[in-house]
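Between the sequences and the hints, there should be enough to build the whole structure, so can you do that?
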Amino acid sequence: MTRKIRYGGDYNPEQWPEEVWDEDHRLFTRARIDTLTVGVFSWSLTQPDEDSYDFTVLDRVLDRAAAEGRSVCLATGTAALPPWLARKYPDVNRTDFEGRRHRYGQRHNFCPSSPAYRRLATAMAARLAERYAAHPALLAWHINNEYGGCCYCDLCAEAFRDWLRDRHGTLDALNDAWCTAFWSHRYTDWAEIEPPSALTEHWRGPDHTAFQSTTLDWFRFTTDALLGCFLAEKEAIRRHDADTPVTTNLMGMFRPLDYHRWAPHLDFASWDSYPPLDAPPTWPALAHDLMRGLKDGAPFWLMEQTPSTTACRDVNPLRRPGELRLATFQAIAHGADATLYFQMRASRGACEKYHGAVIGHAGRDDTRVFTEVASLGRELSDLGPVTLGARTPARTALLFDWDSWWALEISDGPSRLVKYQETVHGYYRAAREAGADVDVVPQDADLTPYDVVLAPVLHMVRGHLATRLEAVARRGGTVLTTFLSGRVDAHDRAFPTDVPGPLAALMGVRVDEWDARPPEFVQPIPELSAEARLVFELVLPRGAETVATYGTDFYAGTPAVTRHEYGDGEAWYVATALDRHGVDRVVRRVLDRHGLLGPYAGHPAVETAHRVAPDGTRLLFLLNHAQEAAHLTAHATATDLLTGKRTQEGTALTLDPLGTAVLRLQ
Amino acid sequence: MTRKIRYGGDYNPEQWPEEVWDEDHRLFTRARIDTLTVGVFSWSLTQPDEDSYDFTVLDRVLDRAAAEGRSVCLATGTAALPPWLARKYPDVNRTDFEGRRHRYGQRHNFCPSSPAYRRLATAMAARLAERYAAHPALLAWHINNEYGGCCYCDLCAEAFRDWLRDRHGTLDALNDAWCTAFWSHRYTDWAEIEPPSALTEHWRGPDHTAFQSTTLDWFRFTTDALLGCFLAEKEAIRRHDADTPVTTNLMGMFRPLDYHRWAPHLDFASWDSYPPLDAPPTWPALAHDLMRGLKDGAPFWLMEQTPSTTACRDVNPLRRPGELRLATFQAIAHGADATLYFQMRASRGACEKYHGAVIGHAGRDDTRVFTEVASLGRELSDLGPVTLGARTPARTALLFDWDSWWALEISDGPSRLVKYQETVHGYYRAAREAGADVDVVPQDADLTPYDVVLAPVLHMVRGHLATRLEAVARRGGTVLTTFLSGRVDAHDRAFPTDVPGPLAALMGVRVDEWDARPPEFVQPIPELSAEARLVFELVLPRGAETVATYGTDFYAGTPAVTRHEYGDGEAWYVATALDRHGVDRVVRRVLDRHGLLGPYAGHPAVETAHRVAPDGTRLLFLLNHAQEAAHLTAHATATDLLTGKRTQEGTALTLDPLGTAVLRLQ
Amino acid sequence: MTRKIRYGGDYNPEQWPEEVWDEDHRLFTRARIDTLTVGVFSWSLTQPDEDSYDFTVLDRVLDRAAAEGRSVCLATGTAALPPWLARKYPDVNRTDFEGRRHRYGQRHNFCPSSPAYRRLATAMAARLAERYAAHPALLAWHINNEYGGCCYCDLCAEAFRDWLRDRHGTLDALNDAWCTAFWSHRYTDWAEIEPPSALTEHWRGPDHTAFQSTTLDWFRFTTDALLGCFLAEKEAIRRHDADTPVTTNLMGMFRPLDYHRWAPHLDFASWDSYPPLDAPPTWPALAHDLMRGLKDGAPFWLMEQTPSTTACRDVNPLRRPGELRLATFQAIAHGADATLYFQMRASRGACEKYHGAVIGHAGRDDTRVFTEVASLGRELSDLGPVTLGARTPARTALLFDWDSWWALEISDGPSRLVKYQETVHGYYRAAREAGADVDVVPQDADLTPYDVVLAPVLHMVRGHLATRLEAVARRGGTVLTTFLSGRVDAHDRAFPTDVPGPLAALMGVRVDEWDARPPEFVQPIPELSAEARLVFELVLPRGAETVATYGTDFYAGTPAVTRHEYGDGEAWYVATALDRHGVDRVVRRVLDRHGLLGPYAGHPAVETAHRVAPDGTRLLFLLNHAQEAAHLTAHATATDLLTGKRTQEGTALTLDPLGTAVLRLQ
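Chains as they are written, first to last, in this note's numbering: chain A, 1 to 666; chain B, 1 to 666; chain C, 1 to 666.
Quick caveat, the hints were computed from the structure, so don't treat them as lab data. Take these hints with a grain of salt, some might be off.
Listed next, the in silico SDA-like pairs over lysine to any residue satisfying Cα-Cα at most 25 Å (straight line) [claimed, not checked]:
#1 A:K88 to B:W203
#2 C:K88 to A:D154
#3 C:K419 to C:D437
#4 B:K88 to C:H168
#5 C:K645 to C:P614
#6 A:K419 to A:A630
Pasting the structure below:
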């Protein structure tokens, strides 16, 4: 196949009579489909009982793909159990947060500690690898599907205790880490430790726990337990196939799993994008950048998106004309080398029958959706290989930290209303709308490439992070953090020092107390013409200068935003949840100091994204998220690779409503 | 007893000392009470342990009724278990949706598959029939009480599997019907199938299921399982009493049970009417018509209504003066031959002690409620037999289909906000307020009597329905259906053809895609001066003409309502959830074509209902639901049977606030 | 120690390294801390396994306290189980309302019927008493902590049956009391009775029950079961320590436990005050008065309050400058002889790490909070013993009745929206803001000291209460009651007489029916320029005169408020939920008749509270709850004990914003 952006999607032909397959493939050709994800839900087909395997259908699917020049991303299918397995080995079914052992149903419901599950899932992976490693259609391995959830059975409890023994070494260390002197929790035997659930440490649900430390370790254990399942399957594959890249489809900003712990084990990152209703374009953009950040900036796959609608939501709006194309180019702009759909043909029954598909129930090629998909297929073919392997030349980093996310959202006090994603997205959005390329990186990433490091709600600070942030400022960079940062150590223990703990020296502030208020309370921030809500830390400057102040309440006139000169650089502390305008003001001032405001920063609906191809070609994606045309003045001379049109610096550059340009800069 | 509308209610004298009974009967006479429902909660009284029966109290109640010329509707009382039964045979207690086996408490909680329950309930029915079959007071049998709910125990799971075997025959057939290729669900043994519950296929509750087909079959099984209990008791009665009619009190529009499957087994229909707060008058009217439709238009009993207030709701408003009388005549207008209360005397304790009663705790005969009840008793006595056995001469049919209700409301996508009852009621209300008599019939009813067939949200189409609807149009009738109709077959599988599936030819439209939006989004429909919400199907006319269009969004100008000439008739397709005004406009246009607009269609608060008595007498009920008088011009010469007053055609006819007239037309 | 108001709080030094203790004690001295609550969460420390006890740390804490002249309130610590106990004896863990046996986690979670728990908790109490009875630091015993909750295990079910046997004697009596003829519930064996739970009589949660009588007895049993735990520990202590007073920290208006049943067994009352967000100052005031009423007006301890913020709420606002001081003096004004904090030093980890503390994580003495605490410590030292042992000379009583609270809020009908606390607080607030001192007393209290008895929503009337209320009126007093009073007897059975049952003669009214409406419905009450909501009883005067009427609906013009002359006094009946203004108008008219309007009744933000010291000194507390200064004219000549300043009658008396004066009246 010619090198180009991969295009296709999940294809489950086993749900249809074979006469339909011919029609499918005719339409695939029309839409320039070159890649099919196969086998995600085929376990009950390929293994009708413990001792029988039947790959007849898969053989046909892969052979046909190969014959027509298409590639297959082959799933091990271990995320959806066959009924016989759940009945024969009840321990493969999960025990839920409420302590209830489930029985057969749904999917994504296997106990990660079940020996039967582990044995049979890896056997399946091994069989598939043995059979298809050398198949000409094989492009990549897709292990399991959308890993998530956890299990509270006795086997998982035992596995949790083993994991804790590994992590803490001794009970004394665990008692110290978990502060078990609180509420008389000192453990004297590992066996006394229970998974934190509705029957033990939790009330009101998974975010309300008596012991944050226990729950945090449970989240980490869960991440590792599911990763263990992935690794076991990968190892089984590698026994038969040394080279074909292996991935699993992640879910972007997915709280339950710390993907940074998974990243080293993926040969490439891939993810499924289903943005929340009414999410602004920067929401999926943040997820794209997070996924790109998993493999240090290497391109990823968009493994799933819907061509039209979802089905699982209370309300499932239709993607409007042009929105699919725009979202697809946005993925590419942020680093996707493949953009695939869920799903190629709509299922006839069950809970996803109304989920959008490239081919609907009637099998037509003259629907609006098919027409848009086919048209986009042509554009991607025409675009060719130019974007493949390109990198994002970001000078701004955003720290994204699952531990801080967890610690913040399971904390009792000061406010359950502060949400990690919303706050982090607020700073990301401001930087992106100001035209900055942003790398979204883990807290232990190398920070030397960056001029600006944004670290909002960095609740947990561990390792040498504070020192590394100080180094950024010392050499002239800017570090920004916010309220509720620098609060706890790796075990969720408050630092026995002034807030913001290890960040205090860099920030040049001291915080003794903080107010929290209901969402209807509005705190004016006069210097920024902005408003703040939810949490208001009372800041005592200790070297920092006051940039903006609170406008009301007994702390009126005290600092809400500070700036601290540190080395050759500076450190910003934002002590409250500023509104959009306030965050914009602060972030633009930070970026401006480093010359990082983009040329179209005055056009908030126009997203820009730079990419540098392996051969040094500099690309600039322009994405117009408005329903109206955008009239720009070209900041550089460039050629739009989608139209072939060349625009001179300083002349008019117009983007259609929802339009895209992929400019090759001179 | 003189033939007349039965009047009375539930009477549980076992809750009071016998000296109170004398007072009760004195008041019964004052209020012209002629019918008492007895024994609904007496099991623990009549059978104090497995081997003892004691009918002393029941004997006294029935003997006294007979002595005073009253009739008894005798309940088998098997809906409320005695404590000893629940303790001795724990399997009579249900296992709930969450998998929890219950213990003794409440009522309506027996496992329908429990052998102990079945044995002892039928034994009780047999004993009662043996003892009272020939009792002079016996008027009818009332089996159990308000059947509902279901059980997820192992016995029910086994019964479900048996039911599935009967329905599907083979596992291959079941796998095909349920689309088990989806999510790897192919069953290889009947024993692998689990009832769909919170522990298996469901999340977020009973309406969210991974397999709609499984859940649908579970609903059907539940209907049949409870029906099996009813039939077992009926059979036990019939062994001793060949003639006395048997019923059970249904609950109108009650989603859990498909009453159309029960209808053939009831000797007459009866139901309990407790409309939702602020329900418009057409809400109980629809339920009355649905109940009348169960037995092909034969009269039914209003088995329960409250004379004043309910108790079980968060807020329990009082029926205002005149409302009880109006609701009672409405029931008669729609086909009730009996109107009874729950309850004759208020219980002293437990959860219904504040439920309204004809006689309150103080036993007074000078309360407003008692006075209204007694006055109404007098009117019914005066009215005599004229309405008994009358039929409704409707030329409009509304299809009401439990399968569509279920399939629509458990569907993932396009919108969880579309509710079957609300949508169906919208069309019913429009037709009724326009003055049309409406029969509410099952989808397999004989449609030949009707000029107009309304089939809103007919999500599931099965059997020869499409052909039968086409026949209606071919012979000159009008068929109307709406968005989300014609979507799935009997197993909830999408039709592999254009939407609306088998209805497409009749409707002359094709639908490829549909938008769903939050409730705050309003779509104008300019041609109807109306608004639409929730779901917007994009219609491609294929023979139909456009009647009204969408006013905004990318599909502005495309059809929202179409009309298709078909044979001598026509077919209307309403592609979105129109507001009240829009539905009115469409329905009135449809009715007008057939001359079905009523003479008082301009008075929306005045309900009209025709009845034709067995002797051919034509009655017209006029019900004024407004708090103001209605000033009409008589459309015909007629005599009001309530007042004896005769009105000439063309002269003034005034209805009091909340007033009723029962006109005998000339 | 000099006699003065006790000042200090919970101190858990076992959570910190010993070097921190020195710093703690230095700060204690600065803040004039004289009392420490110790050992609340130390069980896992003091008893590392069943056979070992280790009091080393406690010894050090108490010895140091003694050495520095501080006193210790020593907790038995039995509210937070050690892990080994939960594992070794699983029956110590509770079974919840849903029937789920819990495992180790949280606190306040012991089964009160567990023999292992009882044995080991009393053993701990005995050991502590034996060891510390004679310790010079020991001031009081603090048993367990914030008793609450209940358990549904088989042991508790058996204990419930035993309790019922004691209470009812025979099954016939129980069947009669519980009205088991309803819904076929007649019990024939004690073993058939189940605790009322989600698996038996309840739906939608603990307030929705099929049998109110059963649930009421369960609440009473729960009160007694936990009281049994308290008494067992107290007895264990008394075996070694005959004199030191014993208490447990109650929680004010805490629905689950009827504290009036506990009161006789407490040597003094103590409680933890965490008012709801935005609660008006009369809310904690009512709780203070309720706690003072437990021991017939004797002073109590404020065992816990936060110096700054809570942590357990969704939103945890900061106490603003001056609020802590005001709340503390309010507690003293209502009878507190000790005001303590939770907590002295913030815990480092787990769910209370953000709960406010006198000393924060950084251990500073220059925070705002520490500064306010220390300043208040100085004021309390300066105030000395003058308030100790003082009594409130109230002539107004408010009846507070847990049985009515329970019965009202578990009732089906007429309205789930009527809340006992809100309604009672409405009348309390009106009386307090009018300047009346109020005793909050149980329904069986001696009423002879009072001119006015307020008895709002007295749903249950039992014993000779009606007669005793009649006596109040007969001798010239005023009795007020409201809608939904006088409805049920001790077993929640409706009285077989006119509403309001035993209160009807006193009130001179008869109520046959009542309307309930959603909260958005507003009923005007013209005579009071007020509005009413939720419930509207229709009142027929039977001797009473009409004070105010309903303004709308079919009962417009009928009485909403009546006054009945009775003996030398009068009785008021308020038939609906009046708004604040309406309650004010009624209550002020009642108080005025007895000359009970206070001198500052025109200043609603200024709270007044009288106290009479053992030596006869008359004190008047003035508490300004406004953020603005209050400008009063002194009604008497007095000296402010906080400032030493003397004010002449008739001259200006100014209170600072949030300011307090403690006036010694001449």
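So, going through the hints one by one against the coordinates:
no.: 1; hint: A:K88 to B:W203; result: 24 Å, holds
no.: 2; hint: C:K88 to A:D154; result: 17 Å, holds
no.: 3; hint: C:K419 to C:D437; result: 24 Å, holds
no.: 4; hint: B:K88 to C:H168; result: 24 Å, holds
no.: 5; hint: C:K645 to C:P614; result: 23 Å, holds
no.: 6; hint: A:K419 to A:A630; result: 33 Å, violated
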